[in-house]
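K.L.:
Now for the letters of each chain:
2 protein chains.
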Amino acid sequence: MSGVGIILVSHSKKITDGLKELILEMTGDNVIIESAGGTDDGRLGSSAPLIMESLEACSECKRILIFCDMGSSILSSETAIDLVDSELQEKCTIVDGPIVEGAFVASVQAQITDDVDSILSEVEKLKESAPTL
Amino acid sequence: MSGVGIILVSHSKKITDGLKELILEMTGDNVIIESAGGTDDGRLGSSAPLIMESLEACSECKRILIFCDMGSSILSSETAIDLVDSELQEKCTIVDGPIVEGAFVASVQAQITDDVDSILSEVEKLKESAPTL
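Top to bottom, those sequences are chains D and E.
If you're matching positions, the first sequence starts at 1 in the numbering used here and goes up one per residue.
If you're matching positions, the second sequence starts at 1 in the numbering used here and goes up one per residue.
Keep in mind that a hint or two might mislead.
It does not matter which identical chain is used: a pair holds within one copy or between any two.
What the hints assert, rightly or not - Pairs of lysine to aspartate or glutamate residues, derived as EDC-like cross-links and limited to a Cα-Cα distance of at most 16 Å, are as follows:
| hint | residue 1 | residue 2 |
| --- | --- | --- |
| 1 | K125 | D96 |
| 2 | K91 | E78 |
| 3 | K91 | E56 |
| 4 | K91 | D115 |
| 5 | K62 | D114 |
| 6 | K127 | D96 |
| 7 | K62 | E90 |
No wet-lab data here; the hints were simulated from the structure.
Build out the structure end to end from the sequences listed, making use of the hints.
P.N.:
Printed below as a string of structure tokens:
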């Protein structure tokens, strides 16, 4: 079982595709990242079925962290979690943190640990200062 | 003189292009948004000359708010501000807040006021909860 999967849920597919690309540039293939932004057909919005597909793509991960940009992305993510089986559900955490900075920091941290508390503690620090790069 | 200009500085042009599109979908043409992500030739990174062009495109604005994704985007933005004339420099504020959620909330607020303190106060609230949409 691989470590931590990171799922990106924005209202814009461009944002999550760009963010995935940016994170992979930093982490190589060490972290599993899924871009689940926009609607099923690439328009602005969010899609529970699309997020569900990403959750299932991370089914081999020990834990799954979901980063959202705003309210209805969170709602779609909650719906997606409700729709997958209970074993997968238990792995999922919707993270309270900014999508770009949070997913970036979490991915860097996920390279060195699969301890979710330790990863989330790094995300929490973003309330004090921006990530360095 | 128009109100507040919002400049988006991420390491990824896809992120800032997607974010600009998302914000314009919500605000129509009421807010001036500049996408200044990536390098001059669209690679991952940040570019002071590119940010400088965006600052100059907002020269008619009363104030300019710059949203960055991480440390070196902030450095490039500071360099860009140093390179423009002093009248434009005085209008610029690099915002301490997350790029996607911060620029979104600021743009929505900038539709109803050009008072920067009031806009920044909305961005500050993001430390407590995600924006609704």
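K.L.:
For every hint, state whether the structure bears it out.
P.N.:
Consistency of the hints with the structure:
With identical chains, the CA atoms of K125 and D96 are at most 16 Å apart both within one copy (12 Å) and between copies (13 Å). Taking the shortest alpha-carbon separations for K91 and E78, only the intra-copy value of 13 Å comes in at or below 16 Å, while the best inter-copy value is 41 Å. Proximity of K91 to E56 under the C-alpha cut-off of 16 Å is restricted to the intra-copy arrangement: shortest distance 11 Å within a copy versus 48 Å between copies. Within a single copy, K91 and D115 get their C-alpha atoms as close as 12 Å, which meets the 16 Å cut-off; across copies the closest is 44 Å, which misses it.
In this assembly of identical chains, K62 and D114 lie within 16 Å of each other by CA distance solely inside one copy; the values are 8 Å within and 47 Å between copies. Proximity of K127 to D96 under the C-alpha cut-off of 16 Å is found in both arrangements, the shortest distances being 11 Å within a copy and 10 Å between copies. Taking the shortest Cα distances, K62 and E90 sit within 16 Å of each other inside one copy (10 Å), while across copies they are farther apart (50 Å).
Of the hints listed earlier, there is not a single one the structure fails to meet.
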